[in-house]
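**Student:** Dock chain to chain to rebuild the complex, using the hints, since each chain is given by itself in its own frame.
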Amino acid sequence: MTPARFKNANLETWEPFRHLSSLREEIDRLFDQPLSLFSAAQQFWLGGGWPTVDLYEDRDKLVVKVEVPGMKKEEIDISLHDGVLAITGERKVEEKYDKAETHRSERFVGRFHRALSLPVAVQADKTNATYQDGVLTITLPKAEEAEPKQIQVQAE
Amino acid sequence: MNHVQTQQQRSVTGTAQHENGQFQHGSPPVDIHETKDAYVLRAEMPGVRKDGLEITVEGSTLAILGRRADERLEGTVLHRESKGADYRRVFELDPTIDTTNIRARVEQGVVTVELPKAELVKPRRIKIAD
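Respectively, the protein sequence lines represent chains L and Y.
Heads up, the first sequence is in this note's numbering, so the first residue is 1 and it goes up one at a time.
Heads up, the second sequence is in this note's numbering, so the first residue is 1 and it goes up one at a time.
Isolated chain Y (complex conformation) (with noise of 0.2 Å):
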């Protein structure tokens, strides 16, 4: 079961290169686990502080975009592996989440978003009658 669904087109894991050579938006690595209430989604940008920070949902996708703020270096570059672009990365949500609830945070690059289960698929004891 996957409620929460990577979306595959190109376009969307941002791979698409810019003319200086850079890559316009980078494809952050994800996690996602599941807790009894909600699912949790954790992507790594380094950089990106809150300001630097869209998050959208638009109907049953979420998209996450991450500006980076940090500044560029002076001087010669003898060594480079950071790939310094924006990141953005976009999710099918399941119907089952509630949407209206998402709440998200960024902790030292990395971004934490919560997405609640609905009440409706939520487990719960039902009462035996006596």
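For reference, chain L alone in the conformation it holds in the complex (with noise of 0.2 Å):
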């Protein structure tokens, strides 16, 4: 795998429906916090979504958390692609209530996908991830020319 090129941290999501059935939640929020009117108004026609993503920089490596609970491991699909990691995967209703009737659905069901151009160039084949308590950790070690190095300088 070649390096990925260098790019800003910039995220993207594709969930069309999203935020009609979460606008009620939304609404309570605003009336809650008058003061962060403005902050729940923007993140609320900007983005964010499910799951929500989290992006950390050490110095040898990135770490990207993902809380995305309620899925087998085997559900969730992460790609990395010329620089962009990609996690994507479909969270259904249970089949034990799939038919049983339901008062409150505020839970996101369906497919998603969220992907995240690194920053930096990274090892894709020393990345690791891991699914604790709904929480997703990949760890992507930093290729060697992306990690800061010390440069002497030389006196004449």
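Worth flagging that the hints you see were computed from the coordinates, not collected in a lab.
Ranges between beta-carbon positions, derived for each pair: (1) 60(Y) to 98(L): 28 to 34 Å; (2) 63(Y) to 82(L): 46 to 52 Å; (3) 75(L) to 123(Y): 33 to 39 Å; (4) 69(Y) to 98(L): 29 to 35 Å; (5) 69(Y) to 152(L): 42 to 48 Å; (6) 73(L) to 80(Y): 21 to 27 Å; (7) 78(L) to 101(Y): 39 to 45 Å; (8) 101(Y) to 86(L): 42 to 48 Å; (9) 60(Y) to 148(L): 55 to 61 Å; (10) 128(L) to 58(Y): 43 to 49 Å.
All residues carry an ideal CB built from backbone N, CA and C; glycine is no exception.
**Tutor:** The structure is reproduced here in structure tokens:
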């Protein structure tokens, strides 16, 4: 795998109906926190989505944390292509409750896709992912040329 | 008919903000299903394990509190969407729920609480005498 080229961290999401279902929740929130109205409205229109994605940078690695509870690890698909990390999958209604009467349905159901352009080159073959307590943690060691190096100034 | 009601007050949905700008408690999304014998409540609390979970029933009030067990990550935050807060949500239970037999479990960040219906309200077939 060739090292990823440098890109700005940029997140995309495609969940056309998600916002409709969370509209009521969002309105409730706006009334609860009048002072942060702007940021809440901004969040609502500008993105985010399900599942939430966090990106951390350490000296020698990038760490991505995705909160995607209630899945089986086989149902989550992670791919790294050309410096873009993509997390996809589908969360279904559990069969047990599929036929049951539902009084309240706030949890996300359906296909999801989150993509993230990594800001530095990483070693794709050393990437590792774990799924625990509904949190997916992906550790991507930086490519050697992307690690910070101290340069000695030579005296003449 | 709604036998498990979420409480409305803001103290209950936990949107009060901490001084450091983080939410003290997040309100987790919840599904409520009804089966023949029970109501099943499923709350989404990523990062919470069994020992971080506190479920209490006081009178007709059910409270679910989840404390995150996942460690904070080292390094610089480049992008963050998660709130990293603990979770709390309170429900008002209908008197037809048998509060002595509530059971709960947590699996991959989803808390399932089973609220059995009292024998008295379960559908019964009445035998007709000859």
